[in-house]
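Starting from the structure of chain A, add chain B where the hints point.
Residue numbers (our numbering), protein chains in the order written: chain A, 1 to 317; chain B, 318 to 575.
Hints listed in this document are in silico derivations from the structure and should not be mistaken for laboratory results.
Glycine included, each C-beta is placed from N, C-alpha and C at the ideal position.
Restraint-style ranges between C-beta atoms, simulated for each label pair: (1) A:166 / B:331: 47 to 55 angstroms; (2) A:112 / B:318: 38 to 46 angstroms; (3) A:304 / B:501: 45 to 53 angstroms; (4) B:526 / A:109: 27 to 35 angstroms; (5) A:22 / B:464: 42 to 50 angstroms; (6) A:292 / B:467: 18 to 26 angstroms; (7) B:440 / A:143: 47 to 55 angstroms.
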Amino acid sequence: MPRLSAPAGFALFAAVMLVAVPLALAGQGYWLTVLTTAALLAFGSLGVWLTFSIGRINIAQGAFALIGGYVVAILGTRYHVSFWLSLPLAVLASALVATLIGWPILRLRGVYFAMITLSLTEVASLAFLNGGSFTAGASGITSIPRPALLSSSLAIYLASAVLLLVGIVIAWRFAVSPAGAVFRSLRQGEELAASLGIDIARYRLLAFVVSSGMGGAAGAMFAAFQQNVFPTSYTVNDSVNFMLYCFLGGLQTVAGPVVGTFLLVIAFQLLSAIQRFQALLYGIFMIAAMLFLPNGLMSLPQVLAARRGRADEAAPR
Amino acid sequence: MSLLAIEGVSRRFGGLTAVNDVSFAVEAGEILSVIGPNGAGKSTLFKLIAGFLKPSAGHILLDGKRIDGLRPHSIAARGLVRTFQETTVFREMSALENVVVAHHLRRRGTILGELLATPGVRVEQQEFLSESREILARLGLAGLEDELARNLPHGHLRALGIAMALAVRPRVVLLDEPFAGMNSEETARAVEIVRGIRAGGITVILVEHDMGAVMRISDRIVVLNFGTLIASGTPAEIQQNETVIDAYLGRADEIAAL
Chain A
1 MPRLSAPAGF ALFAAVMLVA VPLALAGQGY WLTVLTTAAL LAFGSLGVWL
51 TFSIGRINIA QGAFALIGGY VVAILGTRYH VSFWLSLPLA VLASALVATL
101 IGWPILRLRG VYFAMITLSL TEVASLAFLN GGSFTAGASG ITSIPRPALL
151 SSSLAIYLAS AVLLLVGIVI AWRFAVSPAG AVFRSLRQGE ELAASLGIDI
201 ARYRLLAFVV SSGMGGAAGA MFAAFQQNVF PTSYTVNDSV NFMLYCFLGG
251 LQTVAGPVVG TFLLVIAFQL LSAIQRFQAL LYGIFMIAAM LFLPNGLMSL
301 PQVLAARRGR ADEAAPR
Chain B
318 MSLLAIEGVS RRFGGLTAVN DVSFAVEAGE ILSVIGPNGA GKSTLFKLIA
368 GFLKPSAGHI LLDGKRIDGL RPHSIAARGL VRTFQETTVF REMSALENVV
418 VAHHLRRRGT ILGELLATPG VRVEQQEFLS ESREILARLG LAGLEDELAR
468 NLPHGHLRAL GIAMALAVRP RVVLLDEPFA GMNSEETARA VEIVRGIRAG
518 GITVILVEHD MGAVMRISDR IVVLNFGTLI ASGTPAEIQQ NETVIDAYLG
568 RADEIAAL
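Here chain B stands alone, though its shape is the one from the complex:
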């Protein structure tokens, strides 16, 4: 059984079909990229999987159990966490606080216990703090723990977003354009981070425009065009696929002509 299965999922907005009868499966432990031109429905698909939108048709299954129609926090509790495009973090909190808050699902105490600061709660908070420092260090943010998130540069913010997702200890992470706006050096570092996530036993699904990075990092690629799945396969297969080349990648001679 696949870890995540997308089965005939469609999403319509009025007369517009943003995602049209898309089906694919994600196996545990792989890195799968979703690519396609702007407006192909990649972001909508992400929102559908993470529960920010409900499918107009079709099912989404995690471990064989339906998660479509659940609210985002319930889906996160089942082990699927998304990051956001750009740099969505809690801007008025320090980097450390951001990651500590992201430990929410692992809080075991009651709210009353937390207000009274029972010994168990204090131990738990210390645990979250030290683990948060560790995660930040792993993502290259050591020394920036107490910096307000709004003061962090762009690249660090994206790393912080990933750090927060990791704090949830998910089984699947959805990374929304993790390499966007990065130079080649930053991208290389980010690629290593994503590989590190997978090495930690977490399945990775990403939406990305940086074709170089996608080809390097992905085990499999799914291609969307006008909301429809037009191809899926290994990076080598996708690069050879005529439909994909026509719709999206472009031909080598055309690129040369530019």
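For reference, chain A alone in the conformation it holds in the complex:
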């Protein structure tokens, strides 16, 4: 079976997202919404994937999506700032918070970093809940104005798809650039990297800040398209999901988190037809994936090839 080269795969995906899907689903608001959600979540997952590349399990993406969402909500409802201006501001705000928090916590590794990022999601949620009139507490901020140019669900979908494609390019450029090689070196040996003159604190902060900025952008888009944001819009559960999307798709390739997100989001929707068993089947699916494809779905071709190789060996000649 010929394998698709990365640029060809990207072009195919772009064509499906920008041409095939709009043509096929133009009248079907429900599935368009599902795919919009998947695209934005996949964009956030790509950020988490970047922090995986430096060897950190990041369960804080929900916190940064909340920050991005609230920036758009507050600027849009109270100061009538255009979404197209508040979107980059949301990215900046998330990146700034990530810089301040990331500097101290990125010294932690393994489960310690994972735990503290998990609690960050909870902290962000509580902060917005108790933000008084500034964040409007538990009632959240509703009636966020629709962004100019994005009045239909198709337009919102297309904007999300474009954002995802941009995110894939960003992640791919990082993966193949010297900075990406430095990221991977950090995962494999921070002391060795430091001894070669790499400022490890600076690089791991870079990965975390880019990741969080992407989380902020995803949150900003969600706020604009759902037209509301609440302290519970993103919970620890959502942050964990970003991590699961990466795990399920696989950490080896940029495509991993995208495939993982689309598959899980779509599977979850399909399973909703059988309400009672939705969570159960979802759980079984996750366990099976982790058991049989510990390196993610993108490793399926290698696993199959290896299996075929073994079968050939076992076959009598």
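Just chain B now, with coordinates in the frame of chain A:
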């Protein structure tokens, strides 16, 4: 002025003094070995020099400027690079990628420029690639460029570690037990590699247990025992030094008795 000066350096861990008031100087272009029994403080001394630990007292000067208290990457940027005991490399990268990453300090482009792959960055990357191949070939790793580091045998991994240190173009390298676990043939090859490094104008400091290799290769030797410097001198002087013989080398008749 000495290239590297260790001045009254001590390092305490709680009540334990791992390195105690050690002073010595390293001249440009020499091969200096640090020897001593296990637990003598050699590794701690290496970590202090390379910035992985801060001295409890004393100063370390490179070119007359203090480097103690700087972080490891800053010390590397000033031209002093260490290798690690055993086989510390980036295991999930190919041999070539390992050496290319080690060119980090010579990257001139901005990260944004690298993401956009500007022409200057591409030229630089090609340069790093061809130089990395050259370094690998020099260290006997030609043909293994695309092999994942984790698949390389032990001896090759140590050569790869040295290749990475050389990619930094340091003025001083600290080699942590470069001959450990090698048979005599491998050691002979490694000794030649170390001599080659020095011939390239790089000052070499090494910690080593293989006394044969140390005596052959070193211009000078520094001996530590219980964290204290007990002797320094040429290999011939060290072999004659009573204190060193009692503490570490052992007497010929004792060795014979074994």
